[in-house]
Amino acid sequence: MRLLAAGILAVALHGVLWSVPGAVAQSAKTQIEDPVLATRFNAISDRLVCRCGCNMILRVCNHFECPSAVPMRASIDEQLLTGNDDDTIVQSFVDEYGMVVLSAPPTSGVNLAAWVMPGFAILVGFFLVFYFVSDWLAKRKAKPAARKQAIDPLAAARIEDELKSMEL
Amino acid sequence: MAANFGNISLSVAFAFALYAVFALLLGTKVKRRDLIKSGENAVYAYFTFVTLSMFSLIHLLVSGNFQIEYVASVTNESMPIYYKIAALWGGQAGSLLFWTWIVSLYTAIVAYRNRHTRSDLVPTALGIMSLTALFFLVLNRFSESPFNELAIVHAGSAGPVPFAPQDGNGLNPLLQHPVMVIHPPILYLGYVGMVVPFSFAVAALITKQLSNAWITLVRRWTLIAWGLLGAGIILGGKWAYMELGWGGYWAWDPVENASLMPWLTATAFLHSVIVQEKKNMLRVWNMVLIISTYLLVIFGTFLTRSGIVSSVHAFAQSSIGIFFVSYIAITGAACLFLIFSRLEYLKSDSELDSIVSRESSFLFNNLVFLAACFAVLWGTIFPVISEAIQGEQITVGAPFFNKINIPIGLFILFLTGVGPLLAWRKTSVRSLNKNFFWPLVVALVAGVLLFLAGVRGFYALLSLYLCIFVGLTITSEFARGVRARMRAHGEQFHRAFTQLINKNKRRYGGYIVHFGVILIFLGFTGNAFNKETQGRIKAGESMTIGSYTLHCDNIEEGEDANFSYLIATITVSKGGKTLQVLRPEKRFYFASEQGTSEVALRSNLVEDLYVVFAGVSDDERAVIQVFLNPLVVWVWIGTIVMVLGTIITILPNPREVRLRRRIRNLETLLTAKGKI
Chain P
1 MRLLAAGILA VALHGVLWSV PGAVAQSAKT QIEDPVLATR FNAISDRLVC RCGCNMILRV
61 CNHFECPSAV PMRASIDEQL LTGNDDDTIV QSFVDEYGMV VLSAPPTSGV NLAAWVMPGF
121 AILVGFFLVF YFVSDWLAKR KAKPAARKQA IDPLAAARIE DELKSMEL
Chain U
1 MAANFGNISL SVAFAFALYA VFALLLGTKV KRRDLIKSGE NAVYAYFTFV TLSMFSLIHL
61 LVSGNFQIEY VASVTNESMP IYYKIAALWG GQAGSLLFWT WIVSLYTAIV AYRNRHTRSD
121 LVPTALGIMS LTALFFLVLN RFSESPFNEL AIVHAGSAGP VPFAPQDGNG LNPLLQHPVM
181 VIHPPILYLG YVGMVVPFSF AVAALITKQL SNAWITLVRR WTLIAWGLLG AGIILGGKWA
241 YMELGWGGYW AWDPVENASL MPWLTATAFL HSVIVQEKKN MLRVWNMVLI ISTYLLVIFG
301 TFLTRSGIVS SVHAFAQSSI GIFFVSYIAI TGAACLFLIF SRLEYLKSDS ELDSIVSRES
361 SFLFNNLVFL AACFAVLWGT IFPVISEAIQ GEQITVGAPF FNKINIPIGL FILFLTGVGP
421 LLAWRKTSVR SLNKNFFWPL VVALVAGVLL FLAGVRGFYA LLSLYLCIFV GLTITSEFAR
481 GVRARMRAHG EQFHRAFTQL INKNKRRYGG YIVHFGVILI FLGFTGNAFN KETQGRIKAG
541 ESMTIGSYTL HCDNIEEGED ANFSYLIATI TVSKGGKTLQ VLRPEKRFYF ASEQGTSEVA
601 LRSNLVEDLY VVFAGVSDDE RAVIQVFLNP LVVWVWIGTI VMVLGTIITI LPNPREVRLR
661 RRIRNLETLL TAKGKI
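Going line by line, the protein sequences match chains P and U. If you're matching positions, the first sequence starts at 1 in the working numbering and goes up one per residue. If you're matching positions, the second sequence starts at 1 in the working numbering and goes up one per residue.
One thing to keep in mind: the hints can contain errors.
[Claimed, not checked] Okay, derived cross-link-like pairs now, DSS-like style, lysine-lysine, Cα gap no bigger than 30 angstroms in a straight line:
id, chain 1, residue 1, chain 2, residue 2
1, U, K279, P, K141
2, U, K434, U, K279
3, U, K278, P, K141
4, U, K208, P, K139
5, U, K347, P, K141
6, U, K278, P, K139
7, U, K278, U, K503
8, U, K426, P, K141
9, U, K574, U, K538
10, U, K673, U, K31
11, U, K279, U, K426
12, U, K279, P, K139
13, U, K426, P, K139
14, P, K139, U, K347
15, U, K577, U, K538
16, U, K505, U, K278
17, U, K434, P, K141
[Unchecked claim] Computed, partial: chain P to chain U, Cβ under 10 angstroms:
id, residue
18, P105
19, V110
20, G125
21, L137
[Unchecked claim] Covered stretches of chain U, going by a simulated chain P footprint (3 or more residues, C-beta under 8 angstroms):
id, stretch
22, 357–366
23, 394–404
24, 604–618
Please keep in mind that the hints were generated in silico from the structure rather than gathered at the bench. Fair warning: this is a prediction, and the values are worked out from it, not measured in the lab. We put the CB at the ideal spot given by N, CA and C, even for glycine.
Turn these sequences into a full structure, and let the hints steer you where they fit.
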């Protein structure tokens, strides 16, 4: 049995180790060959959405000769090669299309609420869980006498019988 | 003729549903058994008439009666018959009729299965279910009828005259995929199935029968709906993967989110009812959860159909949004009122022995599921909120949802392994040590090995680590049970294994579901290692990705009645050895003048080689996009395991079967003696 378990574990581990490649994600959407700039292209195009109406992330949009994605990607390539930093490149698209071109809300102004609210909700949830757990634990401590009462011997015998009759 | 028949059937169904609501709720209130019985008959009657109406529409779709606006908008002559039938759920009005049919089907089944039950709970629940059916019948009959005829006004004519185009627009080409024949029905069955537990919960509140009886009655219904909804969601992912051609299966699209939210709250409900059953705790909370699930179902339907958010899945913008908003507001307010007015009955003498216990793990489980649901809901509606406040549109896309939900998802995965192994009341240090020491150590060693093997990325590494840890905890739980049976009953391994599951289907079926969750997370983790490339090749040329070489043998073109196509025949090889021939396809549908890509896939347990024929370049070469997506297949395998686990959990235990047989025998005996 143990040998079988060890064998299954070894095969599973070998499978996972063998199957997971170590490389980072690549993209086919840039003409840039420099791997550092290509990685930056991926990061920037992940921060933008295609404006053709498909609502896809710019790096993901797969429409053939998309009238929006192709020039946007070319513009990123061009700005990367001229030495612009990532934020400047993204801002150039915001200036052209408005904030709707960003794939996620900016972390300022009213839009900050988009990021803060889920975390706030989790915090409130944790607080409520701890509140109720503390309350229930307190109730439990307030009734020690009742707990210490001996179980009725007849009931104990019945429980014992039922436990014995139970199968795994 | 068929259109008139369908319309009249809808009107008759509407009348019967109205009567059913009245008869069932009033009959229960005044304790009139004859009125309740007549209400139950009205349920069968409106189910029958909705069915007749639906078949009238199917007949119109299949026969190609283009005088009917709906038929002309979703079918054409050249579509195969199975897509003509699938067009029933391919448009707004037809899918709403299908929704109504499923509600009425569930109502009729609940009525039939409980026809001998004397409790007030069942007729009240049937009344609530009929109320939902009535709401959708109102939409079908008075706002979005699928039987409207096309009419045209000629110059000089007195009024509009009937008009039938030569051919229809055809079903959206993206929906002309085999998965679309089964994905919407399964998703709808799950989605709409949540009406059953909701109705019983509200019935329990109305009748003040707030013991655990309603939970026992709806446990299987909830599991069926939950399993179907989960399978439907993943089938939708499979459709997106094979049809949209962007290399992924989940894009956090608002309509995808709409189906995920009720699934998350229903999952929380399925866990927290266990606490109510075992410890009589969380009674208000369970009410809140199931009511939220139902409201999210209606909200999701509203999102899909109102045009409030843009989505690849959404139906056309229409005026039915106001119906949904009103219905959600009224239902939500009524449920809140009911919960507050019944708080006294819902009180439980709750107490907890220790924070390290199964009970508290369920609380945290509920917290993270609700947190995930809230994050998805918030991200989905935030563009609307932001536009209302700032007057400027913003986008909330996949990067937002991934950042928020990946850590929550990993915490859920962690609890999947830890929660079930904690003891009720209190878990001792010895028990913690026994259950978790070796899984933790082995997973840690595996994590280090993965790192040394070159796996990078914090979340990817953590996810793989947790998959191994949780997998080991579940496996060790099975191993302990099997070993105990082998020792106690002298059984062989396979016999002990099957009997272990058979004797406690709920517990071990649940573990199998959890095992499916691990496999799905393993598939998700593969996303971190995706690669893609794009090439322009013609016959005789090759391109490479990873260790694969793709050689283009030829490009053929042709057409059938529905579309024209280009197919690239590509031979895939690795290290000089030919592996497979793939045929990605580019289609152009005549009726809708839209193009689609039919993906070609080489899939194995390690990775998917995903090939898309994107188009033809100016120099007449095929533009081929290739993705190398590791571990994707585990998402589909995990789903199958989850469905299998759900089925096992739903099946009755041998003891339950014996009890039911006794009850049936007793009923037969009493009926024979004329006592019932």
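30 angstroms Cα cutoff - pair K279(U), K139(P)
Between K279(U) and K139(P) the Cα gap is close to 14 angstroms, so the pair holds against 30 angstroms.
Compare the distance between the alpha carbons of K279(U) and K141(P) with 30 angstroms, and conclude whether the hinted pair is satisfied.
Judged against 30 angstroms, a Cα distance of about 17 angstroms means the pair holds.
Taking only the CA atoms, is the gap from K278(U) to K141(P) under or equal to 30 angstroms?
Between K278(U) and K141(P) the Cα gap is close to 20 angstroms, so the pair holds against 30 angstroms.
Within a Cα-Cα threshold of 30 angstroms, do K208(U) and K139(P) meet the stated pairing?
26 angstroms, holds
Restraint status (C-alpha distance of K426(U) to K141(P) at most 30 angstroms):
14 angstroms, holds
V110(P) as an interface hint toward chain U, with CB separation required under 10 angstroms
5 angstroms, holds
Would you mind confirming whether the straight-line C-alpha gap from K278(U) to K503(U) stays at or under 30 angstroms?
19 angstroms, holds
Given the proposed pairing of K574(U) with K538(U), does the C-alpha separation stay at or below 30 angstroms?
20 angstroms, holds
Can you confirm whether chain P covers the stretch 394–404 of chain U, using C-beta to C-beta distances below 8 angstroms and requiring at least three such residues?
Result for this restraint: holds, n = 9.
Does the alpha-carbon distance linking K279(U) and K426(U) stay inside the 30 angstroms limit?
Holds, at roughly 13 angstroms.
CA of K434(U) to CA of K279(U), is that 30 angstroms or under?
Measuring from Cα to Cα gives roughly 25 angstroms; hence the hint holds.
Take a quick look at whether K278(U) and K139(P) sit within 30 angstroms of each other, Cα to Cα.
18 angstroms, holds
Of the numbered hints stated above, none is contradicted by the structure.
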